[in-house]
Structures are given as C-alpha cells and as structure tokens.
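Enquirer: Given next are the chains, with one letter for each unit.
Number of protein chains: 2
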Amino acid sequence: MFKIPDHQVAGHVAGAGKLGPLVDDSGRFYKPLQDGQRGTEEVSFYESFSSNTQIPEKIRKFFPIFYGTKIMKASTGIEHPHIILQDLVSSRLSPSLMDIKIGARTWAPEASEEYITKCLKKDRESTSVSLGYRLSGLRVFIGDELGFYKPERDVMRKAGPDDVRLFLMKFVSSNLESESGSESKPDCSLVASVYGGDNGILSQLLELKAWFEDQTVYHFYACSLLFMFEKGLTSNPEVKLIDFAHVEEGKGVIDHNFLGGLCSLIKFISDILSDTNDLKNGLIEP
Amino acid sequence: MFKIPDHQVAGHVAGAGKLGPLVDDSGRFYKPLQDGQRGTEEVSFYESFSSNTQIPEKIRKFFPIFYGTKIMKASTGIEHPHIILQDLVSSRLSPSLMDIKIGARTWAPEASEEYITKCLKKDRESTSVSLGYRLSGLRVFIGDELGFYKPERDVMRKAGPDDVRLFLMKFVSSNLESESGSESKPDCSLVASVYGGDNGILSQLLELKAWFEDQTVYHFYACSLLFMFEKGLTSNPEVKLIDFAHVEEGKGVIDHNFLGGLCSLIKFISDILSDTNDLKNGLIEP
Chain Z
4 MFKIPDHQVA GHVAGAGKLG PLVDDSGRFY KPLQDGQRGT EEVSFYESFS
54 SNTQIPEKIR KFFPIFYGTK IMKASTGIEH PHIILQDLVS SRLSPSLMDI
104 KIGARTWAPE ASEEYITKCL KKDRESTSVS LGYRLSGLRV FIGDELGFYK
154 PERDVMRKAG PDDVRLFLMK FVSSNLESES GSESKPDCSL VASVYGGDNG
204 ILSQLLELKA WFEDQTVYHF YACSLLFMFE KGLTSNPEVK LIDFAHVEEG
254 KGVIDHNFLG GLCSLIKFIS DILSDTNDLK NGLIEP
Chain L
4 MFKIPDHQVA GHVAGAGKLG PLVDDSGRFY KPLQDGQRGT EEVSFYESFS
54 SNTQIPEKIR KFFPIFYGTK IMKASTGIEH PHIILQDLVS SRLSPSLMDI
104 KIGARTWAPE ASEEYITKCL KKDRESTSVS LGYRLSGLRV FIGDELGFYK
154 PERDVMRKAG PDDVRLFLMK FVSSNLESES GSESKPDCSL VASVYGGDNG
204 ILSQLLELKA WFEDQTVYHF YACSLLFMFE KGLTSNPEVK LIDFAHVEEG
254 KGVIDHNFLG GLCSLIKFIS DILSDTNDLK NGLIEP
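Protein chains in written order, with our numbering: chain Z, 4 to 289; chain L, 4 to 289.
With the rest of the complex left out, here is chain Z (with noise of 0.2 Å):
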C-alpha cells in the first residue's frame, strides 16, 4: 500500500535501509519525523497553522493539508514517527517540479551558534546571500519516452546567478535534452502558461507576498517554495510552500527574510516572462 514517491524532487530519498517519506494511493504522504528538534518543530507548525483561524483561505491554499502524525512501518522496516500531509502531486501524471529554498538566511536568530555557522557557510557558497534564494531541486518533463531533464545535485548546488537564472527557464521550455549537460538555449515555450495569466506561478507569488507583507505570525527559515506544472493543454501550474522544520513565532515582526527573497525571485520571473514577450515582438534580439 505505501511506496516511495515517484516525483520527489529534493530531501532524503527513502531506499533499502533509508529513511525517507512515503505516499499512498489515497493522496497521503508520510513525512518521517527528523530527529531531534527539528521533527517535532515540524508537528507544532502543522498544528497552530491548521488550527489558526486568522490565516486567510486565499493563502491556507498554498500549504499542504495536515492530517495528523502518526507512529507506522518506515521505509527502513522500522517503526518512526510520520507526518501525514496531503501528496501534492497525487493527482498529476508527470508533474514538472522545481523546489525553491527563500530566503538569504537559512538560520533562526535563536539557533545555536555551531548550526549557524554550518547554515551560513551554505548560504554564502550558494545563490541563498546573493539572490535571497537558491534552487534545491528541478525535474523537468520533457517527453513519455525521453523522460525527464533533472540536473545532478551537485550541478544545482554550485549554481550562481546565471545558471539560476538559466534553470529557471529551463523549467518552462521544451527545447530540453534528459543530458543535463545539454547547452541549447531554453525556448521559454511554456512561460505564458506556467509563469503568466491570472492563475500562473507569478500571479500566485504575488497572493504570497500581499500576505508576507502583512503576516507577523511565522517566520519561515529553510523553507521551500514547491512549483508544479503538467504539459499540455491546461498547464494548470501550482505554487505550494514545503518543509517547515525551522519556523519560528513572527513575534510582531514580519518576516523580511522571506519577503526579501521572494520579491528577489518574482523579479527574476517577471523579467523571464517580460524577455520572452520582447523576443517575440522583435524588440531584442535572439
């Protein structure tokens, strides 16, 4: 009945003796609990925020359903702890994916000071001090036999501003190769309908920031934006918020860190999508 998922895109993957989340084919996903702090910070997220009624239903939308915990058989055959949360690509065949960590600053004010050294020196060798985000995953789909284009870990950590700026078109074009080496340049193809319109992932990232802009409830450390598309007729493109084992009380204060980086990466986006629009009407060159 459970089995490791087919569309994980960043984390620890479950493997013979791995600990790592399962899903089944009601549309759950079992989240096993970190160790330490980390685990049960996640739980005591899940918990206020679905049992605060001041979020607005407009922005509960944009998390995962919480269903509880719950103690079960991990995909090391040992009994853990889990999380159960709703499987946010059930429902898609062959989810095009990219897993955005916000913010320049992975680490909480209050945390100690050998885990903020370690978070720091992350920060500063990836995109996360220069852009106030960095990519942690990408999965993109480009055909039922070719497959998908998913660059190697590695590739996507050493990432600077440029290629940042390159993956990020790549995840809306079909001009790709399943070599991640490949060295076309991305076609943008898909922009309009994934990254533009009223329901696409930038009309979305704005709903976010109205909210960021106002909400002193959380602060959001290390955590991801989730993005989602299927090919073909409706793209039906989704921005989802993941991982939130590093949330702190927003104690009044809103959370700039986040804000920073997301005003940071919807600028990268409307630029992509305002290129592309200038391209196709001759205003600059190919």
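Keep in mind that the hints were calculated from the coordinates and are not lab data. Keep in mind that the hints are not guaranteed to be accurate.
Since the list can't tell identical chains apart, any single copy or any two copies may satisfy a pair.
When the alpha-carbon atoms are kept at most 25 Å apart in a straight line, the in silico DMTMM-like pairs for lysine to aspartate or glutamate are as follows [to be verified]: (1) K125 - E252; (2) K212 - E288; (3) K125 - E113; (4) K212 - D274; (5) K212 - D28; (6) K6 - E251; (7) K234 - E128; (8) K161 - E251; (9) K76 - E233; (10) K153 - E116; (11) K212 - D38; (12) K125 - E251; (13) K243 - E216; (14) K254 - D190; (15) K64 - E233; (16) K153 - D190; (17) K64 - E44; (18) K6 - E233.
Given chain Z, put chain L in place with the hints provided.
Expert: The following block gives chain L in isolation, referenced to the frame of chain Z:
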C-alpha cells in the same frame, strides 16, 4: 564660514582634532572622505547615481544632491578630501531626526572575511537580524526651553525589538522629557501629521519600496534612512537615504536585503498608525 553641524544624530562628530562633517551657510554639507576603499566607493556611488539617467525624478528626491569633491581644510585643521553634498537640514530650525540603518545584513558578499565577521556580530547583537533594521540615532525636539530628547548612543545600540517600537513612537510624541531615562508612555500626538497622510513618512516609504521592488542597479549595504520633521503647523516630514560607503552593483538582482528591512519598518510604522487610530476610536484600551 564652515562650522560643525548642529543637527547630527549619528556618525563621526567633528571636534578638536577630530575629523567630522562641516556645513556652510549656503546649504552645503562637507563630508570628509573615509579611509581607504570606503571613501572612494562613496564618491563612486555619488558620481554614478548623479549621472544615471534611469533614476526616476521621484526617487532622486530621496537622495542628497551631490556637488562633487574638494580638498579643503578639515575639522582637524589639516587638508583632507571632502564630498560636497546638500545639507539636508539647512532649511529647518529645530528638526526632529531619526537615523535608521536598513538591512538585516550590513555587509556585501564581496567584503573581506574580517569585515564580514565584525559586521555579522553587530548585526546579530543589534536588531538588524531580527527586525531587518536598527536605529543609529534619534533626536526629538521637545520645546525651545526643554531642548531635545536624545537617548545615549549606548541605549540605542542595546535596543531590542520592543525598545525600537517605543523609539518609533517617541519620535512622533510631544510628552517626552529631555531626560532620556523618562518612562512616560509616548502620546504619539504627531503620528497622523508625521507618519500618516499623503505626504507623510509612510507614504514616502511606500514610494521607495516600489522602486526597490524593481531596481537592480545598486545594492545599498549599511545605508541609512533619515527621517526629519519639524513641530509646527506644517511638520513637513521628509525621508532621505544617506551613507553610501558600501554600495555595490546590483548586477540584475534586486536589493532584497534592503527591501526586506524596508518592508519590516513599513509594517512597524503602519502598526503604530493604526494602533493610534484604534485608540482614538476607543477600539483598544490605552
């Protein structure tokens, strides 16, 4: 002809044998070039900014006018190069002033390790990391006889999030005592005329915010917002940006660090405005 400015709230103060800014009676401010890279970088910024045709006029008004550089006798009595700027307070008799250093991070990614370590320590010890900004100076005019309310530098430096909120309230209050230890609750009697209204500080900050959501030319590290107003029939509140010794090229990326801090400050000021309104309308207890 040159004298030490009356209305300085932060930064190096000129004195016997001490290098600091000077003003003249024609409304110009002479800022001694800082040592090494800082001084030259600040000049570079002013030269680049004043000749940049892409800066909208409504944004240019937030910056001091730049009149070039000059080697002249400094406050120490020794010849020293100075940046010549508009004296922002020359037309005001008894201005209330607040200097707010914007950004959770006051260091550029390209800075030296030694400098980053020093800044990071200050950012974590102050409210920079938690609020996305910190207060660097405050001076509130009380009356011709009582003079100014001006907390000690050390008090400002140690201010936590709640203290910062209180200082932002005191800035627009009339019931202060010149003793900075005074514990009376600030009355926020000037909040509507200084923070509120079409020409108020909040409205000016929102104009700046819109520019920061889009501009990718400059990243302003360790830069301050200066708030100014005068008691009287027209308080004429003004916001200016000052201190550009650590401005870097934006390279196509928005200044998410400045923008995040600016949004956090905007939320604090909006909260003070709406709390005062609620108090007036009896919606909350005094």
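Enquirer: All the hints need checking, so say for each whether the structure fits it.
Expert: Hints, verified against the model:
no. : hint        : in the structure
1   : K125 - E252 : both (24 Å within a copy, 23 Å between copies)
2   : K212 - E288 : neither (32 Å within a copy, 32 Å between copies)
3   : K125 - E113 : both (18 Å within a copy, 16 Å between copies)
4   : K212 - D274 : both (17 Å within a copy, 18 Å between copies)
5   : K212 - D28  : neither (34 Å within a copy, 46 Å between copies)
6   : K6 - E251   : neither (32 Å within a copy, 50 Å between copies)
7   : K234 - E128 : neither (34 Å within a copy, 49 Å between copies)
8   : K161 - E251 : between (28 Å within a copy, 23 Å between copies)
9   : K76 - E233  : neither (32 Å within a copy, 69 Å between copies)
10  : K153 - E116 : neither (35 Å within a copy, 35 Å between copies)
11  : K212 - D38  : neither (31 Å within a copy, 40 Å between copies)
12  : K125 - E251 : both (20 Å within a copy, 22 Å between copies)
13  : K243 - E216 : both (18 Å within a copy, 22 Å between copies)
14  : K254 - D190 : between (45 Å within a copy, 23 Å between copies)
15  : K64 - E233  : within (19 Å within a copy, 47 Å between copies)
16  : K153 - D190 : within (17 Å within a copy, 59 Å between copies)
17  : K64 - E44   : within (21 Å within a copy, 47 Å between copies)
18  : K6 - E233   : within (22 Å within a copy, 68 Å between copies)
Going through the hint list in order, the structure does not satisfy hints 2, 5, 6, 7, 9, 10 and 11.
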